[in-house]
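Chains as they are written, first to last, in the numbering used here: chain A, 1 to 223; chain B, 1 to 763.
Simulated from the structure, these hints should not be mistaken for laboratory data. These numbers come from a predicted model, not from an experiment. Mixed in with the good hints, there may be bad ones.
[As the list claims (entries may be wrong)] Result set (EDC-like, lysine to aspartate or glutamate): computed pairs, CA atoms no more than 16 Å apart in a straight line:
hint : chain 1 : residue 1 : chain 2 : residue 2
1    : B       : 737       : B       : 445
2    : B       : 737       : B       : 747
3    : A       : 108       : B       : 445
4    : B       : 8         : B       : 376
5    : A       : 108       : B       : 758
6    : A       : 76        : A       : 154
[Unchecked claim] Okay, the calculated beta carbon distance ranges per label pair:
hint : chain 1 : residue 1 : chain 2 : residue 2 : range
7    : B       : 747       : A       : 27        : 40 to 50 Å
8    : A       : 40        : B       : 470       : 24 to 34 Å
9    : A       : 168       : B       : 472       : 30 to 40 Å
Built from N, CA and C at the ideal position, the CB exists for glycine as well.
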Amino acid sequence: MKVGVVTFPGSLDDHDAARAIELAGGEAVHLWHGTADLQGVDAVVLPGGFSYGDYLRAGAIARFAPVMDALIPAAKGGLPVLGICNGFQVLCESHLLPGALVRNDHQKFICRDQKLRIERINTAWTGDFAQDEEITIVLKNGEGGYMADERTLDLLEAEGRVVARYLGGNPNGSRREIAGISNEAGNVVGLMPHPEHCVEPGFGPGLEGLPFFTSVLRQVVSA
Amino acid sequence: MSNLPAYKCDTVDIASQDPQAEQPWAELGLKSDEYQQIREILDRRPTSAELAMYSVMWSEHCSYKSSKVHLRQFGDKTTDEMKEKLLVGIGENAGVVDIGDGWAVTFKIESHNHPSYIEPHQGAATGIGGIVRDIMSMGARPLAVMDPLRFGALDHPDTARVLPGIVSGVGTYGNSLGLPNIGGEINFDSCYQGNPLVNALCVGSMRTEDIHLANATGVGNLIVLFGSKTGGDGIGGVSVLASETFDSTGPAKRPAVQVGDPFAEKVLIECCLDLYAADVVAGIQDLGGAGLSCATSELASNGDGGMQIHLDRVPLRDPSLSPEEILMSESQERMMAVVEPGKLEAFMEIAAKWDVEASVLGEVTDGENLEVFWGDDLLVQVPPRSVAHDGPVYQRPLERPAYLDDLQADGTAHLNRPRTGDDLARTVLDLIASPNMCDASWVTDQYDRYVRGNTAQAMPDDAGVVRVDEETGRGVALSTDCNPRFTKLDPYAGSQLALAEAYRNVAVAGAAPLAVSDCLNFGSPEDPGVMWQFSEAVTALADGCAVLGIPVTGGNVSFYNQTGDIAIHPTPVVAVLGVLDDVAKRNRSGWAHAQDAIYLLGETRDELDGSAWAEVAHSHLGGLPPTVDLAAEQTLASAILAATDQGLITSAHDLSDGGLAAGLAESVLRHGVGASVDLSPVASRDGVDAFVALLSESTARAIASISASDAEAFEAVLSDKGQAFARIGTTGGDHLKVEGQFTLAIEDLRSAHTGVIESAMSH
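So that you can see chain B by itself, here it is in the shape it has in the complex (with noise of 0.2 Å):
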């Protein structure tokens, strides 16, 4: 092995021979008790590639030590029944459902949310880079993409930098996957500003028998690296160790960032597409976090134990790069996959149909480790289950915050409310204006929705809807959710209540709510509090799934979101998966018809804490937020449902923030068609105020348009259901009345809610 630059590798041997050597394991962020935890596993010092392998695989980011006690919940309340419809669970690279006629459904949610801060364009690319590779890894083509996003104050002159980037960087690499983005969410909070959060779903699909998963049986059967070339990009902290430890003649600091080639990823997905057709692949894993180490310990740990990989056969951008920045890089759209050598000739013919270059890295042995050279030098010797998945577990401590008490105590009944229909009138305005309300079009219009053609519908409708079989029409529809000033007053009912929305909205659009997938992003699990929300909200969810009857499949923590000691909201933010078995019976949002019939159905409160109104009228938070009521968004589901089948729907929309005001105001902009609408049969039924029945943001309702000929029957369904409704009236004409308040023009409302991003983006 000549020709292999000449390192100086710190192999299993010198580790053996030289026990107490230094190490750099606290630079690494590994605990003392960690190392120690590693020198017993290994029964010596573990080499520098070693070192490097278990300090990432055993992060926060990487091994969940801090979540994972509270995770397990999701499996355990799982039950038998909301397990008929999984086909795959927690624990692969993402979930899988059973959506009927053969096809399967397989859908993630993750976050990338620091990358995204620091390098705003690039780190939002990799993050959809990043999660289309998991639904590829399940062998399924990628369907579609949605991108939850939150920001600091729209006004702050950080949030002008950061937007674009992140908007642009999910942006250009979606619209270069042609996977159309079909919704998500723009949410503005100063507890983002430092700290903005950036999350990423990818849906995919395939027939039931192609399900791959990662692992590697099979004994002497190849491990095949394919897809871009290994860079020094993302090595970040690890560069700590090569440049400490190793003569390179490399640059001593690595970007800590990746940096993405949509077109790279493009290819590859066709080429896994057609890998996967011609049945060549035996098992498959994508590289993301931790690059290589991650990749191939996970694949070793899921199949028999034992693997060879040579670092020497890695295809390089930079040649340069040691051979422990080699099995740490995170250079993107990279794949892996476990091949019988029979087939192996085929593989490369396909690769090399797609130019995407693959190269043998090793194979499947009947031993018990991981083994990785390079050249004749052995770097690493592990178990690898005790790198992927044995690695430490911690019960942090929790503590219900002190601050809670007062935050709760403090309600929005002291707060002045409109008094007046003129009051009311601006008032609406000034919600559909806000950043949390208003138009997001500069934004979406970014995105290609319609690459593919399967799209019927995205934003700004409730759920995205997506078909995936062209015969039948079968699809799915999914939406992502979380009120984090819900989830910040209570963790236990914020998690809940984005569960409630998520699934509302899903029902709202005409889909059969099936699966959940989450990504909880939190502050740091080192502080107990943040740790009380986190189980809070686990617990929450937990239950909440069980109630509902849809399993948690998958999703990902983000941990450290904070600003100095100053955490973000909790920020569960949940992704509710539905079927339908003919998208073109999804309801739209928004009134094409004029002399339809108008409906709310549920129930009104007086619930304001939290609301939007608090927010935008008095910048308040505090209090307790809406009632929880699971059974009522069931009732209220079936009742859509049901009257979704016999196609007595027009429109359909979820209420949430902003109450029903907001619900009619943009049904009324959806199409330019206006309506009148009388109050007082809710009024008088739930005993509440026009500002209340405006404003308050009571859960498990909707509002539902209804040819006026099919009132009767929708009335019918309804009342079988036991879902309440009053009919409150009719659509048309050019403004928005509200009997005895307010009458406002289409054409104001749309000055009001169009043009705030962009001009707070042209400052």
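Next comes chain A alone, as it looks inside the complex (with noise of 0.2 Å):
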């Protein structure tokens, strides 16, 4: 089972997003920004970090480098796809999920153990969960406040695509505590915290974000 994991100049986390999904059984492959070719995987990863220095606006220009050609619409068709922080960013830019990520309401970077809270586990990364499932994995963000209008919250609220909310605690001054979300169809999921540094004992606040990347796999076995 292929799992890509794009890399962007500026990528930080797709070593990790790789390890992750070798760890829960699949083949990590790596697609490059520059080359608008998705090696026939079943899945992709849009990994954290600032890609091309997230200088003008978070993903802003990484929506336009030639792999997303070829990955938007993949994600439209019903491939599964997991942004990450930037990558949820990404996502956003894209246009493939609905709202924006704004700087943390503390303007400040934030790095700590997160408490969520897994609000919908009909998505292709989060089967493996149980309903209202609450897990603790890394959050780090600089621009992680998801912000929408008021008709989408409620839009996103009512279609259940709240994938994931902050518990104890909003990090970023989110709306609505909003940690993740997905598309309609749950194959394209933004998400902020960081479930790839949480897959290995020892590394890490725990394994409960291991859970993401097994639900995929799964999901593309039985597809």
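From the two separate chains plus the hints, produce the assembled complex.
The structure is reproduced here in structure tokens:
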């Protein structure tokens, strides 16, 4: 089972995402930003980092990378895509997900172990969680505040597309404590916290990030 | 070369024909005899470009002219046995040690103090950038960073200006590079009010066969500059020369502080690693202080000696720069490689893949000089060693400061000590709420400690631990330490205490100490008292390292850390690196389980001079620091390592600032697991009361928690190693209870310990 991990210039957690995929039992395939070729992968992770330095606006330039020319139609066609942190920002900039991510309300980068509730489990990436399961994974971002207009937020709630919500304190000023959302079909998920740092005993706060990666492998097998 | 801007270049020809021209050597910081020395080396007056090069390369910062005579001890006192694991020693961009299984690790600590005071965010950011490039230039992948920071008083208004900027600078740059920040220090003392210290450490790894060195050998090999374009930043003092001498149309004054672009550096890291993997680099050097003039003279003098460089081929961000400014610019995120002509195409392809601009500036020649051209004009023709290595050396006068006798005589014996259990409880709360002992997460939460997934532990554990080999788990532990109050009282003992503490922290984490890097932050070398402190510190570290059997592999000297005539406390920050064959074995600090047995290792004496208690309770600094006992440190380390190897330890924590009281409180707070402690075995064995048992800062001590079922085996290991120990209690419950003295609820400890820095920064 092949899962692609895109490396943009400035991607930082691509190595971690690939390791998480391997530990979950999949095969990680490195995809290069400059090539509009998904190499036949069964799913894609857009990893964390600061693509192109994020100098204009997080994810704003990555959205125009050649690899996205292949990825955007594939995602619309049902390919499972997980955008983590900067990847989430790229998905919003690409309009594969609604809303935007802005600078943390306290204006500082924050890195901490964050409690979340998984609220949607019928996505490609969350099937191995229990409904409303509470997990603790790494959170680290400078621009992690999820923003959308009230109508969009209401729609996301009504359609059950809030995938994960912060518990125990909003770390970045996200509207309605939203930590992650999905598209309607559930194949595209954007997540601000970092499950790829919680997949190996002794490194990171636990193993509660692993189900994101086992979920997609199971989904791809059964599809 | 008609397309070049028409500068009136001061060429070698002109310098030869016009030997008596006035030159602004004094404005550039050169002494009269230094200027004469340059004239003798060249047998003529220097050109303006040469003058600029010598002035910066012979500055204290680049030439170590005041410290060299002392630093020799690090080499002289390194025994053959200590050299066994040393693959590259002092003098290269960073030292390299062998950690086994074919892995080499390189690490170094440096200062970026003065820029960080002027412009906290960029000063600190470029400090991280510079040390990371040093590690890259050894051929290594950078693995992690650490940042020992020292500020003035927490409640001083200027600290609220400087601290957030420095922390965000360290964070923004390091986070954007994808390097976990695994530790450091945050220390407040009013001696740093006008001169905060920003030290930065980077550690990297490579296979032993992949070590790269900064030398330009092989006639005809090409000199390639790659990375960011060159701009007018960091030219600083040299702009005096530019504006006085040249018809430049550019701005008369250039900014002295460099501006960092972490994205450019991240790309540069990956590009360099691809270049190394493709074996297309014969020599490599980063560009830092003194920019191209440093990189070219270093590369040439470490190689065959001859090199030609064409400044008009340097890609510019600011086309108005004069040739002299291009030569001196400290623009960040640049590297220089020596490339065989046959490998240039492959080199350029890799650079293009990463969108990194690369330009061939010149080549290695069979001459003896470094020659720098602007078009056809020869601006520099110098023996490179005379610039990079054979600068002036000073034996500055030393004098033990007169105040020291009075300071050392003013011990803590006359200070009021807590008499009751309630007094002691209040003392403990005050201590853990004090700026130097409080929770530092307001700072450390701004750093990514997880990226790349190899961080086995980071703040607030005693040492940062990072995995090097993902297959075997082999990795390294690092700690940086210095208690400047101790070094003020006695620079020799204080420096060895800094070494001992870093050594202990690494050992307590379960790693075998292997090597040392140091960042020596001092006041003005022109002050004989400061120079005496410096000489004591270097001698102490060299002596201490010889006893412990771990070599100094490199480091940095930062002088002139003072405000007016008042120098900072001597601050030799010592970084110790240790190795673990599997990082899974490391000992975390803090109690994770109830019902573990708590052991105090080591002996406690009445040693309160210079302590955290003396500072917090009495704002007092005087007397003599705790006894240095390096043999006891070695015994402690070997006992802990043996017990770690057998998997007997559930947690371990070094005792230093704040003594046992701080160690217990921190261990309780880590996971919210309480403890009951009985000090009577310590009191009766060591002849101390509860106050001394809790607050003394006697060295070579640690606490460890052990599963009750392993207690017997643990005690057997300690006895076998000759390590003094006392079983002092049991973990569990919601309180820290000290038998017969006090009981403190965890929530009260926590509310005292947290929010201190946050509240000071929000004012």
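Review point. For this structure, which hints from the list above don't hold up?
Key: 1, 6
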